[in-house]
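Protein sequence lines correspond, in order, to chains A and B.
Take the first sequence: its position 491, counting from 1, is numbered 490 in numbering that gives the first Met the number 0, and each next residue is one higher.
Take the second sequence: its position 100, counting from 1, is numbered 99 in numbering that gives the first Met the number 0, and each next residue is one higher.
Check before you lean on any hint, since a few could be wrong.
Claimed, not checked - Straight-line C-alpha distance at most 30 Å; calculated DSBU-like pairs for lysine-lysine:
id, chain 1, residue 1, chain 2, residue 2
1, A, LYS26, A, LYS83
2, A, LYS369, A, LYS282
3, A, LYS7, A, LYS26
4, A, LYS61, B, LYS34
5, B, LYS101, B, LYS119
6, B, LYS68, A, LYS26
For the record, the hints were derived by calculation from the structure and aren't laboratory data.
Quick caveat: nothing in here was measured; it's all calculated off a predicted structure.
Spelled out from the first residue to the last, the chains are:
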Amino acid sequence: MSDETILKVRNLSVDFPIQKSVVHAVKNVSFDLKRGETLCVVGESGSGKSVTARAILQLVAKPGAINGGQILLDTGSGEVDIVKLGSRGLAIREVRGRRIAMIFQEPMTSLSPVHTIGHQIIETILLHEKVSKEEARKRAAALLGRVRIPEPEKALDRYSFEFSGGMRQRAMIAMALSCNPEILIADEPTTALDVTTQAEILSLIRELQRDRGMAVLFITHDMGVVAQIADRVMVMFRGEKVEEAGVFDLFERPQQAYTRALLGSVLKLETPAPRPPRPTAEKPIAKIENLELHFPLNAGFMGRPTNYLKAIDGVSLTINQGETVGVVGESGSGKTTLGRTLLRVYDPTGGQVMYWPSNGEPVDIATLNKAGMKSLYGEVRMVFQDPHSSLNPRMTIYQTISEPLRTNTDMTERQMMDRVSELLSRVGLPPDIGDRYPHAFSGGQRQRISIARAVAVRPRLIIADEPTSALDVSLRHQVLDLMRDLQNEYGLSYLFISHDISVIRYFCDRVAVMKNGKIVEVGDVVQICEQPQHEYTQSLIGAVPRPDPRLRADAPQ
Amino acid sequence: MSAPFDTAKDADLLDQQVHAGSLVAASQWTLIWHKFSRHRLAMVALVVVVLIYLVAAFAEFLAPYDPGKFDPRHTFAPPQQIHLFLTDEEGTRFAPHVLGFKSQVDPKSFRRLFQPDPEKVIPIGFFVEGQPYKFWGIWDANRHFLGPMDKADPFFLIGGDRLGRDLLSRTIHGTRISMSIGLVGVTLSLIIGLILGGISGYRGGLIDRVIQRVIEFIRSVPTIPLWLGLAAAMPKDWPPLQIYFAILIILSLIGWTEIARVVRGRFLSLRREDFVIAARLDGVSEFRLIMRHMMPSLYSHIIAAITLAIPNMILAETALSFLGLGLQPPIVSWGVLLQDAQNLRAITQAPWLFVPGICVVVAVLALNFLGDGVRDAADPYAK
Numbered sequence: 000m001s002d003e004t005i006l007k008v009r010n011l012s013v014d015f016p017i018q019k020s021v022v023h024a025v026k027n028v029s030f031d032l033k034r035g036e037t038l039c040v041v042g043e044s045g046s047g048k049s050v051t052a053r054a055i056l057q058l059v060a061k062p063g064a065i066n067g068g069q070i071l072l073d074t075g076s077g078e079v080d081i082v083k084l085g086s087r088g089l090a091i092r093e094v095r096g097r098r099i100a101m102i103f104q105e106p107m108t109s110l111s112p113v114h115t116i117g118h119q120i121i122e123t124i125l126l127h128e129k130v131s132k133e134e135a136r137k138r139a140a141a142l143l144g145r146v147r148i149p150e151p152e153k154a155l156d157r158y159s160f161e162f163s164g165g166m167r168q169r170a171m172i173a174m175a176l177s178c179n180p181e182i183l184i185a186d187e188p189t190t191a192l193d194v195t196t197q198a199e200i201l202s203l204i205r206e207l208q209r210d211r212g213m214a215v216l217f218i219t220h221d222m223g224v225v226a227q228i229a230d231r232v233m234v235m236f237r238g239e240k241v242e243e244a245g246v247f248d249l250f251e252r253p254q255q256a257y258t259r260a261l262l263g264s265v266l267k268l269e270t271p272a273p274r275p276p277r278p279t280a281e282k283p284i285a286k287i288e289n290l291e292l293h294f295p296l297n298a299g300f301m302g303r304p305t306n307y308l309k310a311i312d313g314v315s316l317t318i319n320q321g322e323t324v325g326v327v328g329e330s331g332s333g334k335t336t337l338g339r340t341l342l343r344v345y346d347p348t349g350g351q352v353m354y355w356p357s358n359g360e361p362v363d364i365a366t367l368n369k370a371g372m373k374s375l376y377g378e379v380r381m382v383f384q385d386p387h388s389s390l391n392p393r394m395t396i397y398q399t400i401s402e403p404l405r406t407n408t409d410m411t412e413r414q415m416m417d418r419v420s421e422l423l424s425r426v427g428l429p430p431d432i433g434d435r436y437p438h439a440f441s442g443g444q445r446q447r448i449s450i451a452r453a454v455a456v457r458p459r460l461i462i463a464d465e466p467t468s469a470l471d472v473s474l475r476h477q478v479l480d481l482m483r484d485l486q487n488e489y490g491l492s493y494l495f496i497s498h499d500i501s502v503i504r505y506f507c508d509r510v511a512v513m514k515n516g517k518i519v520e521v522g523d524v525v526q527i528c529e530q531p532q533h534e535y536t537q538s539l540i541g542a543v544p545r546p547d548p549r550l551r552a553d554a555p556q
Numbered sequence: 000m001s002a003p004f005d006t007a008k009d010a011d012l013l014d015q016q017v018h019a020g021s022l023v024a025a026s027q028w029t030l031i032w033h034k035f036s037r038h039r040l041a042m043v044a045l046v047v048v049v050l051i052y053l054v055a056a057f058a059e060f061l062a063p064y065d066p067g068k069f070d071p072r073h074t075f076a077p078p079q080q081i082h083l084f085l086t087d088e089e090g091t092r093f094a095p096h097v098l099g100f101k102s103q104v105d106p107k108s109f110r111r112l113f114q115p116d117p118e119k120v121i122p123i124g125f126f127v128e129g130q131p132y133k134f135w136g137i138w139d140a141n142r143h144f145l146g147p148m149d150k151a152d153p154f155f156l157i158g159g160d161r162l163g164r165d166l167l168s169r170t171i172h173g174t175r176i177s178m179s180i181g182l183v184g185v186t187l188s189l190i191i192g193l194i195l196g197g198i199s200g201y202r203g204g205l206i207d208r209v210i211q212r213v214i215e216f217i218r219s220v221p222t223i224p225l226w227l228g229l230a231a232a233m234p235k236d237w238p239p240l241q242i243y244f245a246i247l248i249i250l251s252l253i254g255w256t257e258i259a260r261v262v263r264g265r266f267l268s269l270r271r272e273d274f275v276i277a278a279r280l281d282g283v284s285e286f287r288l289i290m291r292h293m294m295p296s297l298y299s300h301i302i303a304a305i306t307l308a309i310p311n312m313i314l315a316e317t318a319l320s321f322l323g324l325g326l327q328p329p330i331v332s333w334g335v336l337l338q339d340a341q342n343l344r345a346i347t348q349a350p351w352l353f354v355p356g357i358c359v360v361v362a363v364l365a366l367n368f369l370g371d372g373v374r375d376a377a378d379p380y381a382k
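Based on the provided sequences and hints, a complete structural model is requested.
Encoded structure:
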């Protein structure tokens with residue numbers, strides 16, 4: 000690793016004027032990027048990390064504008080100030096792609112769906128270099144081979160929608176590398192990917208960087224990823240640089256309070272929360288047996304479908320009273336569908352779901368009629384993944400939380416008002432916010448409101464569908480701890496759906512691993528995390544980036 | 000490399016703005032107004048539309064004359080110019096007036112030619128006494144906003160028509176009919192469209208397919224021949240008011256399809272929203288789910304659809320009446336007025352007969368711009 004600095008950012012400020020005020024997205028940030036190193040910029044949402052990255056390529060979205068500072072790029076023949084180049088014109092285009100390339104979070108929207116992958120890469124090469132078409136095609140194929148896309152010659156003529164998310168991101172990287180850039184800016188390139196795919200992409204980036212001696216500016220919110228790939232780390236908070244240090248120093252000796260808090264909330268999720276021991280004689284609350292949900296894929300001959308999408312393919316799982324059962328799986332594994340089928344958002348095509356209500360005989364939810372389901376809505380509740388879409392933007396907080404009370408109990412308006420304020424303070428919000436609308440709250444607050452709505456009617460089972468995935472890491476354990484407290488208080492059972500092993504390990508008693516609509520392994524959460532038996536579970540657990548740089552292959556002893 | 004992040008950034012900005020304080024407790028209408036008021040063209044259009052509807056509301060008062068008052072001595076009288084100052088033997092003083100006409104008949108063409116006559120000074124003023132009228136058909140009144148001091152004097156600000164009727168008065172009265180056709184017609188369309196579109200989008204399945212095919216069928220029928228047919232089927236001896244309502248119904252029978260489609264589309268997408276599923280899992284009844292949870296998300300879209308549908312109604316009425324198959328005199332609408340501008344003689348001798356056409360263009364443009372603005376602002380939470 001040479002010490003030669005290729006990019007110097009000095010006192011960079013980016014402002015977004017809105018109405019009469021100005022939001023300072025990036026305030027006075029300075030840092031250096033050296034040749035051949037990986038600098039991770041880490042921070043929570045709104046920290047200005049992405050804006051910083053985009054400012055370097057003059058890609059700040061309007062009405063935002065760079066409002067001061069310098070971005071000095073070493074071109075080999077003197078320094079160029081990118082700030083002075085402006086956002087259009089030949090000079091900045093010469094920098095973009097050629098010297099500095101960028102890859103984005105969402106590979107689906109960054110690639111054009113109407114041109115072949117090859118066409119897009121060849122176009123980039125021809126744009127920046129004077130080579131023949133055949134030569135460009137050869138180079139494009141070599142690039143695709145380099146990013147380990149199988150059969151690169153054929154892949155050139157395919158469209159982006161024929162590729163999986165990981166493949167698309169590889170193609171994106173190939174395109175970014177097509178003109179041998181000296182700096183690669185990666186803006187959360189793995190956030191939209193599954194954890195096993197993420198591991199592959201990370202190792203690919205690291206490998207390419209070593210081969211080519213590229214400098215990489217890697218933007219992420221995931222401390223695990225930082226620990227895996229960073230040489231140095233810059234922590235940002237609300238547009239300001241908090242701390243900059245080598246990766247080992249930062250994890251072992253964080254200097255600033257914010258960094259310590261951030262690391263603390265990450266590490267807290269690394270160890271399971273203390274749990275009371277399970278009783279020896281378990282009483283089930285819900286028992287899923289051979290549940291199936293098949294969607295017909297084509298009408299076939301005489302309207303009889305010949306092929307099915309098996310979203311849930313024979314799932315059996317028991318949830319005991321007071322227990323937290325996790326369901327973990329990658330996207331498309333059917334875990335969300337499973338949660339929704341339990342409440343008959345989708346009607347299952349086979350199997351049964353026995354449920355033991357608080358009073359009365361067990362019922363089969365899979366075949367229950369409308370009136371029967373209605374009586375269960377007060378006992379079995381759901382918490383959604385995205386707190387932005389699960390709260391009606393046109394209803395006040397009071398209206399939203401009181402809705403289940405209105406339909407499931409016969410409380411008076413007065414009683415409901417008292418109950419809602421009580422619930423709000425219970426989930427850690429001010430009790431007098433009932434007349435506000437959801438847009439006035441942050442993601443974490445909205446998720447608390449969703450939880451208040453779920454527990455308003457004293458439920459017995461809550462199906463929590465990725466309740467922490469949309470939240471920043473510092474908020475995750477807070478929400479989980481709240482859910483844990485409510486569990487102890489009300490004797491709740493949870494079916495906890497997540498793609499994130501760390502929250503499962505922190506929160507759950509038992510865990511089921513799903514793949515392609517089937518459960519491949521069920522067991523105690525510690526056992527699954529420490530000694531996974533199934534091959535798929537092993538690869539899943541192994542791919543999770545741990546927030547500990549000492550686990551890296553190149554860690555100093 | 001195109002940027003996939005612009006819209007996300009906007010949402011972030013709204014968030015930050017909200018947390019900055021000003022909009023914390025704002026309701027959705029405040030947010031919509033907030034967004035709408037930044038759309039300059041739409042704001043101008045809003046002012047124009049409000050003015051037009053004010054003219055429609057106070058037509059009797061604003062018009063100098065009754066629309067039916069005719070004056071055979073002043074057929075095709077040209078527009079008069081308003082003079083603010085009068086100069087005579089007593090000097091120059093402020094006295095708004097128009098000049099009367101010297102008329103003579105061209106011996107060759109038998110056309111009546113008008114010249115302003117400086118001798119005939121017709122003083123004009125605001126709130127003058129004029130022809131008596133019944134305001135909104137209820138109150139007796141005789142004050143007019145602007146007119147000649149002596150009601151017997153000729154006063155043609157934008158000219159007269161072939162019977163010597165004041166075009167300004169007729170255009171003002173026409174505003175009421177034309178603009179109300181749009182509003183009432185759209186209300187009718189809205190009721191049909193909301194019900195059928197709502198059922199179609201919420202229920203889905205067979206009933207959705209049937210309604211959609213019906214909509215496609217109606218839209219595939221060429222509109223002018225269809226209107227002509229329907230209008231021709233109307234008995235000739237119906238009173239004008241009855242014809243007015245018949246025309247309304249004919250127009251809305253086609254107009255509802257557009258609104259039904261908008262409503263269906265919104266229902267289809269709303270049905271899958273998390274917050275609607277969440278409400279369903281709260282045990283909310285179907286009726287309450289639609290009225291309380293889904294409808295409020297539709298209001299703003301419906302308002303946008305209405306503002307964009309009104310101009311179509313106005314144009315349709317104008318076209319029908321222009322062809323002589325819509326409203327019949329003595330009812331005055333812009334389309335009826337434009338009938339006079341059908342022949343060559345009007346173009347060469349009395350170009351002012353096109354003024355109602357200008358009104359149509361202004362009203363339709365203003366409503367379209369307004370509709371655009373409302374549509375953009377309709378969903379303040381749009382990402």
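Evaluated hints:
Among the hinted pairs, A:LYS26 with A:LYS83 is consistent with the structure: their alpha-carbon atoms are about 18 Å apart, no more than 30 Å. In summary, the hint linking A:LYS369 to A:LYS282 is supported, as the alpha carbons are separated by about 27 Å, within the 30 Å threshold. Between A:LYS7 and A:LYS26, the direct Cα distance comes to roughly 16 Å. Compliance with the 30 Å bound is thereby established for this hinted pair. With a C-alpha separation of about 17 Å, the suggested pair A:LYS61 and B:LYS34 falls inside the 30 Å cut-off, and the hint holds.
In summary, the hint linking B:LYS101 to B:LYS119 is supported, as the alpha carbons are separated by about 9 Å, within the 30 Å threshold. Annotation: proposed proximity of B:LYS68 to A:LYS26 is violated, straight-line Cα distance about 73 Å (limit 30 Å).
Consistency note: the structure conflicts with earlier hint 6 alone.
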